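Use the sequences and the hints to build the structure in full.
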Amino acid sequence: MGFRPKLIPTLFSLPVFIAMLFLGTWQVQRLEWKQDLIEKLQERAAQAPGAIPDAPVNEEDYEFTPVQVKGVYDHDHEFHLVNRSLNGEAGINVVTPLKMDDGKTVLVNRGWVPFEMRDKELRPEGLLSGEQTVTGLLRFVKPRSMIENWVVPENEPENNAWFNIDPEAMARQAGLPSLPEYYILASDQSARGNLPQGRQWSLDVRNDHLQYAITWYCLALGLLVIYVIYHRKAAAEEKS
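Residue 838 is where the sequence shown starts when you use this note's numbering, and the numbers rise one by one after that.
Quick caveat, the hints were computed from the structure, so don't treat them as lab data.
Predicted model, so just to flag it, every value in this text is computed and none were measured.
We put the CB at the ideal spot given by N, CA and C, even for glycine.
Hints should not be assumed to be uniformly reliable.
[Claimed, not checked] As a list, the in silico BS3-like pairs of lysine-lysine whose alpha-carbon atoms are at most 25 Å apart:
{"#": "1", "residue 1": "Lys941", "residue 2": "Lys957"}
{"#": "2", "residue 1": "Lys907", "residue 2": "Lys957"}
{"#": "3", "residue 1": "Lys843", "residue 2": "Lys871"}
{"#": "4", "residue 1": "Lys941", "residue 2": "Lys907"}
{"#": "5", "residue 1": "Lys877", "residue 2": "Lys979"}
{"#": "6", "residue 1": "Lys907", "residue 2": "Lys871"}
{"#": "7", "residue 1": "Lys979", "residue 2": "Lys941"}
{"#": "8", "residue 1": "Lys936", "residue 2": "Lys979"}
{"#": "9", "residue 1": "Lys1070", "residue 2": "Lys843"}
{"#": "10", "residue 1": "Lys871", "residue 2": "Lys979"}
{"#": "11", "residue 1": "Lys843", "residue 2": "Lys1076"}
[Claimed, not checked] Simulated restraints on C-beta separations:
{"#": "12", "residue 1": "Pro886", "residue 2": "Leu1013", "range": "21 to 29 Å"}
{"#": "13", "residue 1": "Leu1047", "residue 2": "Lys1070", "range": "30 to 38 Å"}
{"#": "14", "residue 1": "Ile855", "residue 2": "Tyr1067", "range": "35 to 43 Å"}
{"#": "15", "residue 1": "Ala1006", "residue 2": "Leu923", "range": "21 to 29 Å"}
{"#": "16", "residue 1": "Leu848", "residue 2": "Pro886", "range": "57 to 65 Å"}
Given below as structure tokens:
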């Protein structure tokens, strides 16, 4: 049974249908991009560690690059990334400035400690003194998304409660002229006393683009089915 498309339903349905197809195709393209990115990151993370590049300003080229540096930890200005858990246990991540041999300072996310051990005086064995060799992955600081601005609290420097790494604010707190927009995510070499516990990272980059593409295509198909059923019913009613 045929039908004649009605103007108003068609004017509504056609642009929505096209938009859904566009979004589905866009997600397929994003899927290919994300798969390529994950492959590059995994290959990069498996490389031997090297020095921090002189000017690692291109995040795409340097994210997750293994690095190794030498320097002295500034434990007097230890920062706490709150709301971090490990195996279901609440805790924090310890972020400590490392004064390197070249005079520059870089932040090092040394790893996780239980919340009740957040005071550094309770874990003196982990307060490594003297020159240390630090190995880890180079990570870039991400700006807060619009959603994060709504749901993630603001940092509380006065309480040493940081919900995200903020190099500019942390530099002010530590009395430093500046800090780079990247940091080192320390490897699995735990400090003496096993705290902090390093290697708090995962290369399992979230990749939901296939599900999103299927969702948009299914919605487009559903809209098409509804459009056809509506017009066939309307045509049948006009004939009866």
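Each hint tested on the structure:
1. The suggested pairing of Lys941 with Lys957 holds, with an alpha-carbon distance near 24 Å, which does not exceed 25 Å.
2. Restraint check for Lys907 and Lys957: satisfied, since their Cα atoms lie roughly 22 Å apart, inside the 25 Å limit.
3. Among the hinted pairs, Lys843 with Lys871 is inconsistent with the structure: their alpha-carbon atoms are about 41 Å apart, more than 25 Å.
4. Taking the CA atoms of Lys941 and Lys907, the gap is about 11 Å. The hint holds against a cut of 25 Å.
5. Distance hint between Lys877 and Lys979 is fulfilled; the C-alpha atoms sit about 19 Å from each other, no more than 25 Å.
6. For the hint pairing Lys907 with Lys871, the CA-to-CA distance comes to about 33 Å; that exceeds 25 Å, so the pair is violated.
7. Taking the CA atoms of Lys979 and Lys941, the gap is near 21 Å; set against the 25 Å cutoff, the hint holds.
8. For the hint pairing Lys936 with Lys979, the CA-to-CA distance comes to about 23 Å; that is within 25 Å, so the pair holds.
9. At most 25 Å may separate the alpha-carbon atoms for a hinted pair to count; Lys1070 and Lys843 meet this at roughly 12 Å.
10. Proximity of Lys871 to Lys979 is assessed by CA-CA distance (about 17 Å); at most 25 Å being required, the pair is judged to hold.
11. Taking the CA atoms of Lys843 and Lys1076, the gap is about 15 Å. The hint holds against a cut of 25 Å.
12. At roughly 25 Å, the beta-carbon separation of Pro886 and Leu1013 lies within the given 21 to 29 Å, and the hint holds.
13. Between Leu1047 and Lys1070 the beta carbon distance is about 35 Å. The supplied range of 30 to 38 Å therefore holds.
14. Distance hint for Ile855 and Tyr1067: a CB-CB separation of about 18 Å, inconsistent with the stated range 35 to 43 Å.
15. At roughly 25 Å, the beta carbons of Ala1006 and Leu923 sit within the given window of 21 to 29 Å.
16. Leu848 and Pro886 have their C-beta atoms about 60 Å apart, which keeps the hinted 57 to 65 Å range intact.
Hints 3, 6, 14 from the earlier list are contradicted by this structure; the remaining hints agree with it.
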